[in-house]
Each structure stands twice: as structure tokens, then as C-alpha cells.
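Colleague: We have chain Y; now place chain S onto it with these hints.
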Amino acid sequence: MTLLNTVLDVNGAFTMQLGTSPAVPSSADMSHAHLVSYPAVAVADLITLQSRIPAFRKSQIVDPGHERRIAYETHEREGIVRQARRLKEYAPESVTTVARLAQALLLTGSRDEAAIEAREVFRLHAREALEKYKAASEMLSWNAPSLYVAAMVLAGSGKASEAEVLLSKTHGRTGPLNLIYAALAEQRRDHAEALARLSSSVDPETASFRGYLLLRLGRFGEAIHNLRIATRGGSPSLAVLMNLAYTHAALGYPEKAVRSAREAVATFPLNREASSALCAYLSAVGEWDAASSEAERSMAASGGYDPKFSLILSQALLAKGDLHAGIRVLRRSVQVPSSLVESGPLADAEGTLAFLEWRAGSRSRSSSTDVVLRLLRGFGGGSIYLARVYSEMLDRIGDFGDLPVIKDRLEKQTDAETVLPLTVKIGLLAADFERATEDARRWTSASPLDPRAAGTAIILLSDAMGDSGRAAHLGLDALKRMPGNSGLRNDVAYALVFAGHLDLAREVIRMTDDATAPLVATRGLIELAAGNVSKGLQYYDDAARLGGTKGQDHADPGEFVSMLRIYEAVSIHRLGLADRPEVEAGLAELRIPKSLEDKYMVGMLRPAAERAGMAWPGD
Amino acid sequence: MISASFLIGSSIGDYDLLDCIGEGAFGTVFRGTHIPTGTGVAVKVLRLGATLEEVREFENEAQLLARLTGTTNVVELLDSQTTSVTNPRLLGSAVPFPIQFHVMELADRSLDYLLAHRDKIPWTERILHYRNVALGVHQMHLRDIVHRDLKSSNCLLFSRPRHVVETKVSDLGRARDLTQASGAQLSSYSIGRGDPRFAPPEFLWMQGIDQGQAHRCSDLYGLGSLLFEVATGQGLTGIALQPRLGIIAADLRLPSSRWPVKYRSRIPEIRNWFDVAYQVFAAELPASIRTEAVALVRQLCDPDPDRRTPYTRAGNSTVPNNDLNWIVRRIDILGKLLTTISQGRHS
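Protein chains in written order, with the numbering used here: chain Y, 18 to 636; chain S, 5 to 351.
Here chain S stands alone, though its shape is the one from the complex:
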């Protein structure tokens, strides 16, 4: 991969690129300045030599962020452009080459950085960050957009006046607009992409499908996994399934026509495999929210995607497909439990 880091110190469009603050699978993020106003911004530059699929995903991200403008908990897109730069040092000639970039509001850092020292972060604050992310995903789902790659490194923190810190969902590269026909290959949905330590188990068996409810359910898993990460600093799937990678690999050596049945047959076992991870999780939680938090993660991360939403006894979903208010309410209960106990201690 050709890194775009040579751009540090140069300008593209109306933006000065000051330093590199992040590198992902298909791009580099710079801290920059909007030259006319002097405002700090984040500039995400698509890597040079990106594949057609990556270009499509990059453009898709801009379109989706534009559709989500005005939402409180999704990162705001300020600009998106294609420009050209020349760099004789890199290419050996002064021929200009195109650069695609997005400009977004500048965050202080991402949530994973905060979790690096999570023992210093009070639980009430952690739950608040988590609630903000859940709200962001809720806002996306209400607009028929699914994220498909939720993890702490894709959640950004913004300092606001009066010591308020906002948390917003970012990195919509793998997001999907459910109102539009898919532009990607079907197989890219089966595996889901992203980091396997945080991916829903069905993606590891390549059972993701390009269907609205399936996408929403993968986000539910992402939210459950994020609460696990907020508590432990590690990925739920990584802890639960790393010891089983041999089994997964063996299942995937079967002809792909047999993978769906294989995955369905594994679901009860996978539930058991997750139990150890839930023990790790429970040990990290304050006693006041332990039962409630484990129950929430258990539900959101059920290996059977259809069981991640609340169901009535008759098997009907009790909430509209795109409404995640029920999760926000349950997070509020966690917050309430934390503050009640804490107040009780003080009194």
C-alpha cells in the first residue's frame, strides 16, 4: 500500500494537512486546518492505488454522512472533494495524480484511546459514552442506514464547553444505505469485513447476507460488543472465538453450500463458547449493573441474529425494526443503577 503520509505539510484544496492522526485499511486521516477560517478539521484521504471497491466505499461514506447531516451522534461531514497533487519525490515526475478526500469535524480522539486507561474512567462516564454511540446508531437506523463495523476505534470523542464530552459514530466506510440497491459484490456482505475480533460470529462463518434486518442485527451485535469493549478493553468475538478458530477453519473447509447448515448447527455451541467471555465481562463490571449489563450483551450478541431483538412469546418482534430506543432505555437503566448505588453510598 502506498501511504499518503507524504502529504504531511502540504495542502489539498482549502486545507493544510498538519499531521497524521490515523491510518485505516483504505486511507489515512490527517489533522488539518481549513485555510480561510483557521478551523481545525480531520481530513480523510483515500489511499493511492485504491481498488474500485474501495473507491466505491469511500464515496459511499461521503454520501451517507451527507444524508446523516444534523444528527447529534454521528460525525459531521464538512466537505468531500477530489483534487490533484504532484509529488516528484514520490513518483519521480511532476505528473499530477488525483486525491480523494473527506473533511470532517475534528475529534479529540477515538474511544479506544480512552479505554486504554479505562480503569481511570468512572463507570458513569463510560456508560454515557456508550449511550451516545447507541443514540448515533439509532439515528442511523431511523434513516435506514446500517453501520456494520461498530467498535471503539470507530467512535470519536469531542470536547465541548463545560467539560462536556460528546461521543459520535464515525467511519461509515462499510455502512449501507438500505434504501438503495447494493453496489458491492454479494460476497462482501457474507464476511462483513472489518476486524474479526469485533465481528458478529455469523461473519466468521461467512453467513452475513445483504438484507435489511440482517444488517440491523449485525449492528445490534456491534453495540453489544462495544459494551463488552467498554468494560474489558478487548473484543468480545476475539475472546470468545479465538480459541475456536481451528473449528471455524475446519467448518469453512467444507463446500460453501454447507456453511449455512453448519453455522445453524453450531449456534447452541457458540452460545456456550461465549459464556467464558461473559465471565471475563462480568468480573469487570460494578456489582450494581452486573446482571443487567450481562443480560443486555447476551441478548445483543446472540449468535442467532434473529434473537438479538426483544421478542414476544409468540415470536413477534416487540419493537419496530429500525427503532433502537429499547437499547437506549436499557442503557439508561444501567446509568440509573450506577447513580442510585453511588448516591446510596454517599448518603
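Bound conformation, chain Y alone:
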């Protein structure tokens, strides 16, 4: 059997199967484990305090802290700029005074003027460099602090590319200048260029940044070497610890990943990212209880109403198979007044809740879709997470909904790599399986800890493209990184069967004691492939009973059973068992319900059936 644990994962909150229906909350994944970029954040956040101050609205309760801050800014800034101007007037040729003025102007909101002064810093430095070079032939590292400030000011004024050009012309860049120069390349997602710009310096900051860039380039072995250098300073940063955990996981050592993530949590006990990463790694090794405890601890530490932790806790509960407990947690979190929490995570929690309620059968698909779309429109285009929740609700060929528009919008805000899950989904909905397979493989490389990426690539390769050998290879690699993910185990075992590695398939599936319908069906597939036809069919019947029972996470149990039977029939043909008398009756009864005809999951299976010489029912 097959059951695609693929295609539906919502950034790992749960793993679902079979397109529309039978989503079995299986193992959680490591989507909360992510790279932490120190300098990239730095440059991206080069904006003034002033530009972030929310405007006062009428009838709004005024927080005295905010009021004070605004009063402070309007009152004090004139003095700060005036003082900086006087200093510049005194020494107009000094890069120090000009850089000070540039930063003062930026801090008080005069971005254009700040940029003019920042350019002047570079001009003065170039002139001075020329004079000194002629005079003494000495190479330069002076003016580094002022150049650093000027580059930050330019980037903060929205002129990052200009800062990059000016830095490229600066001779004698010191460590920090190289860091900012590399960060500017990283900001436009040119990881290779950023890496090339970092000198061979082995200071912890540079090593940390280099480790991050190597991770982005998928060079895990070199990354771990650099990240270890970065820990030698004695107090490794959050970014180093989390990236170290990520690297361990990506290299297939999830226990080590847990260890590094635990160290990050111990050092940064109130940090949300560290805590969510630890939960993800604990889930990856199957320690659901520890993951729930960590989520509960963090939630309590953050005041008990942080929706991000509600999502993590609900994920841990789903992973343990308790869909309703997961829903209860999310319901509590969305009842918190929106003024107390960040809007992004709250929207994510609300969207996930609507989705899960649909999966649990307590809400219609259209109502859930409406909720998620409303959130996507309301939250500045929405998060990639929410967009993935939305994409899970689309399963019919040709029915793209708003997905292309949402993808384009998010791609403009981020990059093509970030929206790969949406790109793959659009390929599936367009029934362009070849393109979807290519994109899914890129997605797997870009997100090595996302089981949905690996699962989608496995099923596309095995079914749509008929390359089960490559699917199995890709799957076994992924399994090393995410051994606790039973959904992924199911997909890998499925591909291994058709690649002819029956013993390995048995071994992979034995490692999980889950008794979900997809896993039971895959056990049936293994028995069929081993020639134990009656036993295999019995497993399929058990899976159908299990999946068709209310209480499992199947929005439509009937649809799940129909899908299961289609997979069973196609598999029988692929294994060359279609002429066995035991299967005759079942194959004769096979019908594809109208409701499933245009599902892309069925579409993906059709090329496999054609290759096996199976006459498609209804044709």
C-alpha cells in the first residue's frame, strides 16, 4: 500500500495522508528546527525605531511606556542631531564625525539625509586611503568603526545594494567589515558569494556565520567544523547552538541534535525558538512526552498564552494521536485577547484550529477554507505556515484557489526556496508531475528536516515517475535525519517494496509500533510482495476497517477507504499478482468514486497503474 504521508504536512504540525481525507496524526517533524542566521537578521532589521512606532489611534488605551518613548523621540532628537552637526562642522574631513552624524540622522528618522552622510564617509575614506597609500604604502584597516556605521546606516536607509558596492571598493576590510559585507550578500540570498566574502579568520563570529552559510549550501560536514570553532569562545550564541543542533539532525544524528537543543534551552531558557526547536527534535526521536513537557514549560514561562507554544503543544499531542486534545489547546490559545499576543502566531493558531476542526469532522471544508483565507488576507499576506495550511485544503486537479496569488506574494516577501512547498503543490494541482518531482527534490535539499518534503519526493518518484530505486535511496537518507517520523517510515517502506528491497522495507516498518491505517496497509503491501497474498489482503482489510472508523483523523472515512482500495489494486498490478485467484474478486469490485476522480493523489497513481498494465476503472 502506499499511503502517502506526503503532500499535506503543514509545516510539520501534523502529517496527513491521502490528499483529502485520512489524515493520521503521525509523528511530528522537525519543521520547527531551523537555521538561525545572525548577520542576516542584523541587516534585515536595520531600520529605525521611529519607523516601527505604531500610530496612535483614537479611543485607544495609551500605554505610558509607549507614550514616553514617543515623547522622548520627538523631544530629544533635535538635540542629538544638532550636536552631531556641530561636531561635523568642526571636523568636516573626519570620517568619525560624518559617521556619527549619519547614524544620528538615521536614528531620528531622516533616512535620506543619513544616506548622504554615509556616502560621504566612504568618499572621505577613499580619499584618505589614496593619500596614505601614496605616502606610506601601508595597507589600511583604519576607519573601520566609521565605515561599519556608514554601511549599517546605508542598509538601514533601504540602500543595502549601494552599501555593498561601496564596501566592495573598500580596501583593507577588517573582520567586522567583512561580516557586514558578507551579510549584505546573504541578505539577497547569495549564500555562496557571502561565504566567499568571509575571510579565513577563525574568530567565533565569523565561524558562526560561515557555519550558517555552509548549512544553507547543504555542506553539513564543513558546517559542523565551523560551528564547533564558534563554540570555543566559551559562551556560544543561540544561533550557534541551534545551528549545531540542526546540523546534527541533518547529518542523521537526532540524539545529538536533542543534546545541542537542550544546551540552547538551558542557556536561553526563555527563548521561544530554542524551545520550539527542542520540541521538534524530541518529537523526531519519538520522545513525545518530553516534547509536550517542554512545550508546557515554555508556555508557562511565556505567561501561558503564547499561541506559538500552543501550536507546538498541539503538535506534540497530535503526534501522540490525541487530535481532540490538540484542538482543545488551540481553542484556548485563540481565546486570548489579541492585544496580548503577536498577530502572526495567533493567525497561525487560528488557521490550524480551523483546519483541524475540519479534519476532526466538526467543521466543513468550506468554512475552514474561509477562515484560513480570511487570515491570509488579513495578516499582510500571511505566513508561509498559514499558506501551507491553506494548500492542504486543495486536492483537486485544476482547483488552485488563491494559491498562485498567495505564493507570488510570499515569494516577493521571501524567496523562491521558501515557497517551494507551495510551488510543489501548484505542480501537483496542475498534474504536472514531472515538474512537481523536480521541485520536490529541490525542496528536500533545501529543507532536509521536513518530512513532508521527503515524503512528497518519495511518492512522486515512486508512483508518478516509476523510479522506486531513487525514491528509496532518497527516503533512506531522509530517515537517517528523521528516524522518529513514522509517516516517513511508511513512505520509505512503500518505495523499498517496489524497489525490490523487501527485507529492508520490513525492517523500516518494524521500527515503529504505530498501528495507524496507512502503516497497517503498508504491512499488507509487504506481505503481498513476499507472496503471502491472503495475509496481505487481510492487512488491507484491517486497514480499511481502521481507517473507516470514526474517531481517526479522517475528514471523510469513506473516501479514505476508497483511496485505500485504489492503492491496493494498483499495488497488486505492480507486483504482478493480478492473476492470482485471491485478488480476483477485489479487483472486479474496484470502482473509483466520482468524488475521487479529479484528486491529484489519484492522478499521481495513474501512471504507475499504466506502467503495470492495469486497465483504469471507468476508462
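Simulated from the structure, these hints should not be mistaken for laboratory data. A portion of the hints provided could be inaccurate.
Here chain Y is said to cover these stretches of chain S; the calculated rule only asks that three of the stretch's residues, wherever they fall, bring their Cβ under 8 Å from a Cβ of chain Y [to be verified]:
#: 1; region: 32-46
#: 2; region: 149-163
#: 3; region: 267-276
Label pairs and their in silico Cβ distance ranges [unchecked claim]:
#: 4; chain 1: S; residue 1: S88; chain 2: Y; residue 2: G395; range: 44 to 50 Å
#: 5; chain 1: Y; residue 1: E313; chain 2: S; residue 2: N325; range: 37 to 43 Å
#: 6; chain 1: Y; residue 1: G395; chain 2: S; residue 2: T183; range: 51 to 57 Å
#: 7; chain 1: S; residue 1: L146; chain 2: Y; residue 2: D207; range: 53 to 59 Å
Beta carbons: idealized from backbone N, C-alpha and C, even for Gly.
Modeller: Below, chain S without anything else, positioned relative to chain Y:
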């Protein structure tokens, strides 16, 4: 703001105002002459239309300077008055209006002007200026006065005979007498005021509090930041935290009741954010003092205010709260390291 620069060329009290030598947030400083003696003085005039809080701070400065009379490294107050002037050009009538002003000893310039060309200033001289400022703050703390706005532009240089240059702490507008009850709103302590490029990080998260030890710790940060400025010409907070302003702004969008926890949770990260600034700093230092100077600034500028003073393993402070001699001693070590190496080179 109505500038007081129209006063140039006029007299107030016993003083002729010759030219404007500085303008701050709430006043203008003039070069002046004491008419009876012909002595050069600095006259700081409160801006017209100052708020009540500014008036209070201005008066507070005079009181504190008076209390610090006789200290060697804090600028000396010579006079403080309120008088009235008329200026038909400005106000359109000859109605007199009040002017508040302080008279102080006249400096040659402030330390930031010297740092504009810091590559021409030998390190031994820079360390000497820095030591003088540390002594000034030490003298203030011994009298239970905290400065709360230390930066090079608030340190004045005075030429003395035999090419001696003295450095003194000035601009006590935001200073606080810890023996007196606060006259300011509590919220004015949370943000600390002043220039954010030099402010302690807790002020950026609005976590300053009106409590003696907290104020002393903010001065320790100011001293660390000043050494950074002496080396780089730029503000430590500006370099370390400007790239993070987006994060700070996002934290401050949370309800203010959550800011304290948010700041505490950020402290390990903030330490990491400062690391790049310390690299910038280290690259500017002579090799002989690099390790010692970076260690000193790291300690004085720890984002956790409680960790800015030396502690024993048991967590007890090893020095009295108001005694900054330990900093002066460490600066002396820097000076010693510089001269030892320099002598070694000559020999």
C-alpha cells in the same frame, strides 16, 4: 524650539555673551566673559519655552554641581541665576522675559572634538583622559550622585600650564542625587533619556529603574562605552544594537507589563550581539592593551546591570557600591601596559 542664539553680543547679569559654543536638548552654551574680572566663562542658558521637567533638570544640575564643588574632575559651577531680558526683535515687544543660566569654568572643547582626529592622539594621552573621567564619576558616586549620560561630548578638556590637559565630567542635566527623593516621573528613569547610541541596553528596552544601584550600574555602562568611544570614535550601543532596532521595536510592541521578562530573556542574545562591536573595538586597540581593554569594556557593559561590578564566586560584590577605584586601578594597568611596551621598544 526657540533658540537662545539671539543673545549673542548681549549681556545677562554680569556676563557678556560672545558666541555660541554648543547646543543641547534643552539649552545653549555661550562663550562669555565675567565683566568685572574679564575672566572667560561658559554660560549655559535654558531654552525659552522649556517644559517644567526641563526647568527642574536645569535647576537640579546647578544644585548637584554646587554639591560637587572642590572635586578635581567635575566641571566647576561659578554662578547660577535667573534674570530677565528684553528683545523686541524676537518677541515683537519690549516686555522682559526670564532667562535662567549657569556659569561654569570655560573649557577648551569637549572630548568628542578631540576624538574627531583620534588617530593623531597617542594612546597614552587617550587613556589619561579616560582615567580623568573615571575619577570624576568616582568622585560623583562617593557623594551619592550618578551622572546617567556619560559620553565624550559630556567630558570637557581644560588646558593648564605646562601643556597639561585636564578632563572633567560635565552636563549633569540628567544626573540624580541619590540622597534625595526623585522629582521626576518614574517613566523618565525607565528610558534613561540621552542619546541611544551611548545608552545602556536596558534603557532601550525601557528597563531603567529609579534605584541607587541601578543608576550606578548605568554609569558603569557609560564608562565602558566611553572607552569604546575613545578607541573607535563611535557609540558602543549604536554599533551593537542599531542592527537590532527592529527586534527592540517588536519587543516594545508587547504590553509594557511583559517588557521586564522580555529584556531578561534577551540578555544572553544581547551579549552575543555586542560581540561584533567588541571585534570593531579590539581592531582599534594597540596589541599591548587589547585583552585587558576588551575585558574591561565587556564587564562594564554587560547587558545584565548586576554583572557590571566585580563579584566573588559566592555572588557578593567585592567593592563598596559607590567606590569606583577598582576601575581606576584597571585603567592604570592599561596605562602601565602601554608605557612598558613603549619603553621596551625604545630600549
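Colleague: If a hint holds in the structure, say so; if it doesn't, say that too.
Modeller: Verification of the hints:
no.: 1; hint: 32-46; verdict: violated (count 0)
no.: 2; hint: 149-163; verdict: violated (count 1)
no.: 3; hint: 267-276; verdict: holds (count 6)
no.: 4; hint: S/S88 - Y/G395: 44 to 50 Å; verdict: 60 Å, violated
no.: 5; hint: Y/E313 - S/N325: 37 to 43 Å; verdict: 41 Å, holds
no.: 6; hint: Y/G395 - S/T183: 51 to 57 Å; verdict: 55 Å, holds
no.: 7; hint: S/L146 - Y/D207: 53 to 59 Å; verdict: 56 Å, holds
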